[in-house]
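My numbering puts the first residue of the sequence shown at 1, with every later residue one more than the last.
Don't read these hints as lab results, they were simulated from the structure.
Misleading hints may appear alongside valid ones.
Unchecked claim - Label pairs and their computed distance ranges (CB to CB): (1) G41 x W106: 17 to 23 Å; (2) N53 x H104: 17 to 23 Å; (3) K42 x K63: 37 to 43 Å; (4) V51 x A73: 29 to 35 Å; (5) L10 x G100: 38 to 44 Å; (6) P40 x D82: 32 to 38 Å; (7) G41 x N75: 18 to 24 Å; (8) A99 x Q12: 15 to 21 Å; (9) D60 x R25: 21 to 27 Å; (10) S115 x S28: 24 to 30 Å.
All residues carry an ideal CB built from backbone N, CA and C; glycine is no exception.
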Amino acid sequence: VQLQASGGGLVQVGGSLRLSCEVSRSISGIATRSWYRQVPGKQREFVARIVVNRQTDYADSVKGRFTISRNIAKNTVDLQMDNLRPEDTGVYYCRVDRAGGAGHYWGQGTQVTVSS
Numbered sequence: 001v002q003l004q005a006s007g008g009g010l011v012q013v014g015g016s017l018r019l020s021c022e023v024s025r026s027i028s029g030i031a032t033r034s035w036y037r038q039v040p041g042k043q044r045e046f047v048a049r050i051v052v053n054r055q056t057d058y059a060d061s062v063k064g065r066f067t068i069s070r071n072i073a074k075n076t077v078d079l080q081m082d083n084l085r086p087e088d089t090g091v092y093y094c095r096v097d098r099a100g101g102a103g104h105y106w107g108q109g110t111q112v113t114v115s116s
C-alpha cells in the first residue's frame, strides 16, 4: 500500500477529528500532498494541500477550521479538522503528486461522519 489513511470516525457537530495519511517511502520526488473528500453522487472535491515549500491551500468551505500539516519523521500528511459541520461528512482521501507531472497516488479513503 502506497498511501494508508486513518483517523476517520463519527463525531458530533462542532467536534474535531485528525486524519493521518502515511506515505510510503518508496514514492520519491513528491511535490504536493493533498486531501480530498467525496460524498455519494458527487465528484471528489479538493479540501487542502501542502506543497514542498510548506505553502498550504484550502477550499473556501474549510478555511479557518481545517489545518493540513506534514510530519517528516513519520512521513505522514495530517489533516486536523475542527468545528466540524454535517456538510463535512464524506470519505476523505489523501493524495500525493510527484513533481514534473510524474504521476500521483491515492489513498484508500477514510469515512468521516458528522452528526447533528
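Original post:
Taking each numbered hint in turn, which are not upheld by the structure, reported in ascending numerical order?
Top reply: 3, 4, 6, 7, 8, 9, 10
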